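There are 2 protein chains.
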Amino acid sequence: MVPVSKKPRSSHLAPRARRASASTELPVIAITIGDPAGIGPEIALRAGVDRAVLKLCKPVLIGSRALLARVARTLKLRVPKDVFDPTSEFAAADVTPGTVQAANGAAAARWVDAAIAGCRDGRFAAMVTCPLNKEALAAGGVPFPGHTELLAHRCGVSGEIMLMYDRKIAVALVTVHQAYTSVPGSLSVERIVHTGELLAQALRRLRKGEPRIAVLGLNPHAGEHGLFGNEESRFVVPAVEELRRRGVLCDGPLPPDTAFAPMNRKKYAGHVCLYHDQGLIPFKALAFDDGVNVTLGLPIVRTSVDHGTAFDIAWQGKATHRSLVSALMLAVTLST
Amino acid sequence: MVPVSKKPRSSHLAPRARRASASTELPVIAITIGDPAGIGPEIALRAGVDRAVLKLCKPVLIGSRALLARVARTLKLRVPKDVFDPTSEFAAADVTPGTVQAANGAAAARWVDAAIAGCRDGRFAAMVTCPLNKEALAAGGVPFPGHTELLAHRCGVSGEIMLMYDRKIAVALVTVHQAYTSVPGSLSVERIVHTGELLAQALRRLRKGEPRIAVLGLNPHAGEHGLFGNEESRFVVPAVEELRRRGVLCDGPLPPDTAFAPMNRKKYAGHVCLYHDQGLIPFKALAFDDGVNVTLGLPIVRTSVDHGTAFDIAWQGKATHRSLVSALMLAVTLST
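Chains as they are written, first to last, in my numbering: chain A, 85 to 420; chain B, 85 to 420.
Zero decoy hints are in this set.
Because identical chains share one entry, a pair is satisfied inside a single copy or across any pair of copies.
The list that follows gives simulated cross-link-like pairs (lysine to aspartate or glutamate, DMTMM-like), each with its CA atoms no further than 20 Å apart:
hint, residue 1, residue 2
1, K351, D396
2, K252, D373
3, K351, D250
4, K350, D335
5, K165, D134
6, K350, D374
7, K139, E109
8, K218, D197
9, K351, D373
10, K142, D205
11, K218, E308
Think of the hints as simulated: they come from the structure by calculation, not from any bench. Source: prediction; values computed, not measured.
Extracted from the complex, chain A is given alone in its bound form (with noise of 0.2 Å):
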C-alpha cells in the first residue's frame, strides 16, 4: 500500500479526488508511453514512480517491458513495478531514438487500445496517454491521425470535444484541426451547444460551485452587431439561449480578444472557441507548462500530455514529466 497524505499538493484537484486518495482503494489509471522513440517512455517511466503520482493514484503504464527498461538503464531511472505489456514481441533493441519507425507507430497503437479496452471493461479508472508519431503511426498502418479519432472509433462514438484544462484557462474546441476558411461551414447551433454542454458537466466536477461558460464569437468584436460577419447570431447567440434553457450559466458571444482578459478569465471557468487558434492561442500564453488534454464525449475518461513526441530531446534526460503529473491528476478528479 502507497502511503496516503492528506494534503496532496496538486491545486488541479476538485473534493471528489481528495476523498479518493484519502480511501483505501486508489484509482488505477493507465499510462501509454506512446511513440518509443520519443520523450513518452522517459516520463512514463518518471511519473509511475513519481510520490505525488502515488498518493493520488495506482498508475499502471502500457508498452513494451523490453523497450522501459532499455530506456531506464539509460538514463538511470527505476521501472515501475506495474507495467502491462500486450506486445511482449516489440524489438526494443531496434529502436532509434528521435526517429519514425514503423514498427513504433504499430506497437504504439497496440497499447492505446490495451488501455481503451482496460477502460472499458472497468480494470482501469482512466487512461492518460503520452504523444503519438502521425507518420510513424501512418508508417505502422494504424488508420488513424492520432488519439482522438482512434479513441472515438474504437469507442464508438462521434462528436468527441478537446478540452484544453489548466487551473487558470480552460478552453473547449468546437472545431479542431482543419483549415481556417472551412471553420465557418463546420459551425451549427447544435455542435456549439454539444460542446457547451460537455464543457460544464466537466468544470462540475474540476471547479468549485456551478461553473458559468463563456461563447466566443467568429468575427473581431464578435462582428460588432452584425457590421462584419453574422456567425454570431445565426450560430452563437441561439445556442447561449439552447444552453441556458438546459440550466447551463452560460455568456455569449464574447468578443474574442477580450475573452482572455484577466477579469473575463476570473469571470468564466471556461471558454467555448469556435476553432483551433481562438482557444490554443490563449491556452498555450498562459498555461504552457502545465496544460492538460481532455477528451470530452467518450465513455471513459481519458487525459493527455499538452506537448508532442520530442524527438529532438527523446531518451536524453531533458524532458519534464509535469505535464504527464498535471494530465494523471485531472484523470483522478475526473474518474472518481
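Got chain A sorted already, so can you dock chain B onto it with the hints?
Frame of chain A, contents of chain B only:
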C-alpha cells in the same frame, strides 16, 4: 521648467527617450480628450498633471476648456495649464456622461483634426488619443468610423498599420476590422511584407538591438505542411523571404498556437499577425492594462490608449489613466 529626472520610471523607454528627458527641451505631445461623454476627459486631466509624464514631455490637452473644467469640478481634479481648445462654442453643459450625442462626436473629431494639424506643422512632436465613440461620430456627421481612418485620410496615406505594443508583447496586424471569412481574400505577400517592415522599423526604436520578428501562419499548426490550408505557402513563405532580403531578421510561418508561448515571446521582439484576434487575443490576455495602440505608416507619430470610452464608468472617478501614460511615454520614445 518641469523637474527632470535622470531615471524615468517607465521601462517602455528606449535610450533615445531618456536622452530627450534629460535635455532642456521636452517634446510637446498633444493629447486629444476623446468623446466628451466617455472616460477620455477624466484620464486626460489626470495624465496632464501626472509627474511621471511631466518629467518626459510637455503635454497639451486638446478639447473643450469648458468641458474639462466641468469634469475637473465634478471629480475634484486640477486642469493642466496647457489646453488648446479649437471649439470654444462647444456647449459643455449639454454633455450627459455615458451617452451618445451628435455634438460630442462632431467636436471630438475636430480635436483630432487639430492635433493632426499641429503634428504636421511641427507644433507637436506626437499625438496621443483618448477613445472616440463610433455612433457619436456618425451622429455628428463625421464620415469616418474611428481615428485610424480619419488619420489616414487627413495625412493622405493608405496602408497604415495597427501595432499593439507592450513591453511583454508587440503585435502588428495585417488585417483589422473585417469579417473572419474575408481575411484570406485580403492577404497578400505585399501586405505582409509592408506590415513586417513597419513593425521592424518601430521595434528598432522601441527595443534594444536589431529586433527579430515572427510572421504567423493562418491555419492551425501553420497548415501542417499543406494538410489543411495553403495560405502559408502562398503568402507567408514568400513574404518572409522578401523581408529577409530587405534586411529584417524574420521567421515564419509560425504555428499560431505556440507563437505566444513563453519561449517564443522571449525569442521574438514582435509578431506579424494575419488577423485581428490572432494578435489581440494574446495581447489582451497578457497585457490588458498597459497596452498601447500605435498607428504605423503615418507621416506623424500617433499612439492611443488600449481601451474604449467606457461609458458605464464615465465621470465617476473610477477610470485609470495607466494606459494613457503608457501611450504618452511610447509617443515620446517614438518621436524623439
